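Chemist: Sequence:
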Amino acid sequence: MKPLPRRFYARDAVVVARALLGMHLCMRQPQGVVVGRIVETEAYQGPDDLAAHSAGGRRTARTEVMYGGAGHAYVYLIYGMWNCLNIVTAAAGTPHAVLLRALEPVSGFDAPCWGPGLLCRALGIDRRHNGVDLCAASPDGGVLWLEAPGEPRPLRTGRSARIGVDYAGDWARRPWRFFDRGSPYVSTVSAAARRRALSVP
DNA sequence: ATTTGGATCGGT
DNA sequence: CCGATCCAAATT
16 MKPLPRRFYA
26 RDAVVVARAL
36 LGMHLCMRQP
46 QGVVVGRIVE
56 TEAYQGPDDL
66 AAHSAGGRRT
76 ARTEVMYGGA
86 GHAYVYLIYG
96 MWNCLNIVTA
106 AAGTPHAVLL
116 RALEPVSGFD
126 APCWGPGLLC
136 RALGIDRRHN
146 GVDLCAASPD
156 GGVLWLEAPG
166 EPRPLRTGRS
176 ARIGVDYAGD
186 WARRPWRFFD
196 RGSPYVSTVS
206 AAARRRALSV
216 P
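Each number in this note's numbering corresponds to the 1-based position in the first sequence with 15 added.
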């Protein structure tokens, strides 16, 4: 295990969001390590970005981890039933984060992971993981980390406006969502198209 | 103390 | 479009 170094995360969220495509999200579990390839992300840039939980410098118990420095997990509950996993980026005090929106299973699991809520459900991520250090490199290793894939795959990067942030005015139109074009695991792929792409003949 | 609505998802 | 399901944040 060689976690991405903290300097990877200590950059603008938009830069990191794009750079995370194709990286592996890894989680240590009782049964072993589970790995998924990141195929969809979104950048949030508080305090300016009105779509961010840290908009206007909002600083509460929930958003506190966004101010604590790059390379930590920000996990929150949404709609009463879904957890969402973010990666804190930029300098400490600058509340940027990248929402991980979809994975492609690589090893250790095979559960639906197309969309931020399903991603967390598939890996068993919840608010207990809020604040975990993704750069922990003790001999034992951390619970959750990201690393570069052994052999990089070609990537066609697409971008679009972010999903579900219509309340944010002009900020909602910024193309801060990044995804792997052609991955059937991207969240907005229709159920029918996904079935077609994943069906084994 | 009470209200409101959300960085979702699957089914209709 | 709708409902599930609950908590954070804003408001009274």
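Be careful, since some hints might not be right.
Unchecked claim - Computed beta-carbon distance windows for the label pairs:
(1) 211 <-> 63: 17 to 23 Å
(2) 79 <-> 212: 25 to 31 Å
(3) 166 <-> 83: 17 to 23 Å
(4) 106 <-> 188: 22 to 28 Å
(5) 213 <-> 139: 18 to 24 Å
(6) 174 <-> 121: 20 to 26 Å
(7) 63 <-> 139: 21 to 27 Å
(8) 95 <-> 156: 19 to 25 Å
(9) 74 <-> 170: 34 to 40 Å
(10) 168 <-> 72: 38 to 44 Å
(11) 72 <-> 121: 36 to 42 Å
(12) 184 <-> 83: 24 to 30 Å
These are computed hints drawn from the structure, not numbers from a lab.
For clarity, every value in this text was computed on a predicted model and none was experimentally measured.
The beta-carbon is built from N, C-alpha and C at its ideal position, and this holds for glycine as well.
Chemist: Confirm or reject each hint.
Modeler: Here is what the structure says about each hint:
1. In this structure, residue 211 and residue 63 break the distance hint of 17 to 23 Å, their C-beta atoms being roughly 41 Å apart.
2. At about 40 Å, the beta-carbon gap between residue 79 and residue 212 misses the expected band of 25 to 31 Å.
3. Remark: the range hint 17 to 23 Å for residue 166 to residue 83 is contradicted by a beta-carbon distance near 34 Å.
4. Here the CB-CB span from residue 106 to residue 188 is close to 26 Å, well matched to the stated 22 to 28 Å.
5. Roughly 22 Å separates the CB atoms of residue 213 and residue 139, a value that falls within the hinted 18 to 24 Å.
6. Distance hint check: the CB atoms of residue 174 and residue 121 are about 23 Å apart, consistent with the given range 20 to 26 Å.
7. With their beta carbons about 34 Å apart, residue 63 and residue 139 fall outside the hinted range of 21 to 27 Å.
8. As the Cβ distance of residue 95 to residue 156 is approximately 33 Å, the hint placing it in 19 to 25 Å is violated.
9. For residue 74 and residue 170, the hinted distance range of 34 to 40 Å is satisfied, since their beta carbons lie about 35 Å from each other.
10. At about 39 Å, the beta-carbon gap between residue 168 and residue 72 stays in the expected band of 38 to 44 Å.
11. Checked against the given bound of 36 to 42 Å, the beta carbons of residue 72 and residue 121, roughly 38 Å apart, stay inside it.
12. At roughly 28 Å, the beta carbons of residue 184 and residue 83 sit within the given window of 24 to 30 Å.
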